Amino acid sequence: MSEIANKIMKKVKDGAVTKIPKWRFVSKRVFIWGSLVVAIVLGAFAVSMMMFQIVNVDWDLLPRVAPGAGFGLFKIVPYFWLLIAVLLFVFVYFDFRNTRKGHRYNGGVVIGVSLLIAFVLGLGAYFIRTPERADEMFRQMPFYEDMHMGREMMWNAPDVGVLAGVIIEIRDGKAIILEDMIKHVWEVDIEKAKIGKGVGEKVLAVGDRIKAVGEIISLGKFRAEEIRFGGAGRRF
Amino acid sequence: MKNLETRTDNEIVAIALNDADVFAVLVQRYEKKLFRYIFRISGFCRETIEDLLQEIFIKVYQNLNDFDDQFSFSSWIYRITHNVTVSHLRDGKKDMNVLSIEDEDSAKSLIELLPADVDLPKEFDRKNLSKELQKALMKIPDKYREVLVLFYIEGKSYKEISDILKRSINSVSVLINRAKMKLKPELEFLNR
Chain A
1 MSEIANKIMK KVKDGAVTKI PKWRFVSKRV FIWGSLVVAI VLGAFAVSMM MFQIVNVDWD
61 LLPRVAPGAG FGLFKIVPYF WLLIAVLLFV FVYFDFRNTR KGHRYNGGVV IGVSLLIAFV
121 LGLGAYFIRT PERADEMFRQ MPFYEDMHMG REMMWNAPDV GVLAGVIIEI RDGKAIILED
181 MIKHVWEVDI EKAKIGKGVG EKVLAVGDRI KAVGEIISLG KFRAEEIRFG GAGRRF
Chain B
1 MKNLETRTDN EIVAIALNDA DVFAVLVQRY EKKLFRYIFR ISGFCRETIE DLLQEIFIKV
61 YQNLNDFDDQ FSFSSWIYRI THNVTVSHLR DGKKDMNVLS IEDEDSAKSL IELLPADVDL
121 PKEFDRKNLS KELQKALMKI PDKYREVLVL FYIEGKSYKE ISDILKRSIN SVSVLINRAK
181 MKLKPELEFL NR
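These protein sequence lines are chains A and B, in that order.
If you're matching positions, the first sequence starts at 1 in my numbering and goes up one per residue.
If you're matching positions, the second sequence starts at 1 in my numbering and goes up one per residue.
Don't read these hints as lab results, they were simulated from the structure.
Not one of these hints is a red herring.
Below, simulated PhoX-like cross-link-like pairs (lysine-lysine); rule was C-alpha separation at most 20 Å, straight line: (1) B/59 x B/166; (2) A/28 x B/59; (3) A/13 x B/59; (4) A/101 x A/22; (5) A/7 x B/33; (6) B/131 x B/184; (7) A/10 x B/59; (8) B/159 x A/101; (9) B/59 x B/32; (10) A/7 x A/19; (11) B/59 x A/22; (12) B/59 x A/19; (13) A/221 x A/192; (14) A/174 x A/194; (15) A/192 x A/174; (16) A/101 x B/166; (17) B/32 x A/7; (18) A/7 x B/59; (19) A/28 x B/166; (20) B/143 x B/180; (21) A/221 x A/174; (22) A/11 x B/59; (23) B/143 x B/184.
All values derive from a computational prediction rather than experimental measurement.
Full structure from sequences and hints, please.
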């Protein structure tokens, strides 16, 4: 044996060098794959939240409140969930590269496949109404609510015929008193208004968050042609 | 030990997991190969390489339980060697020597790097050419030198290089092409 081989084998036999137990390597692999699965599931959740927020946009009113090519789209992008999703997929990419065979695959393919998995899972979550429930829960957190209220502020645009706010009084079913998102109080004529888009026979009640679509008739007075209700994912 | 000589690396690893003495077979099998490999990619002096070899074999022994026999042992040990050498290079411990590996195979492999239309000057005998080519290799960045050494001198396949450098096979192919481009200007001496 060579001198180097002798030195190494002496250290091995003397017990100065020992093998790291297998369980430590197995734990490391389990951790890598486990965190990969968790990141993809969370990514799928973020995707479902994005779907939910985009689907719940009143697309027909968007050109009215945000005129100009693309400007409305720019305003409705769910940046919060988009950022979360991007961070998770960056993590998935690097985590996957740490698996034994991860380096063999092209980065674009890894990102593409994980996005596809997240999209399919996200779609499933969307159909079982997971994002709706989650949105209700997250809205309890002030920072989340404030962030989304900022995003929803665009829907309060009485000058272009969209008024968003909370009903504070109902007068004989002919008019309501509405406090808009910037705390201005309006008397809204609802006599000829179509109530609720796709919600059937819903009756207006104090405390409802609504969008009134119509026009200003005088200072503090608005005539509604249509009343739309808010809800999970869309406060207004 | 005698009948172990005919066994594959992976079989020896399996035995070494239960019998530490058998690890010596792997050390003997790879000692010279890895010595040359470190020398070619780093230009370190003999003493430094011997220290690195000890560090490498100790790491290999400590991590023997992590070896996955779906991979080749050779790629795995080259991967560890790559990591230890690169880390040593990064630490700035460049105890360099003038390269001079004089085995015929290296020269042959290095000559394959030359463009096909190069007409070698007659005064370049094989040994001198090998020396000059290795000097040229030392002038290009580490990552390019290493991939050329692995492909042309160590004779590794794209897949093996991909496992050693932890890069995709496509990226290995791109790296080899770029490395050849980087080396080209350093081979100007051939046209003199």
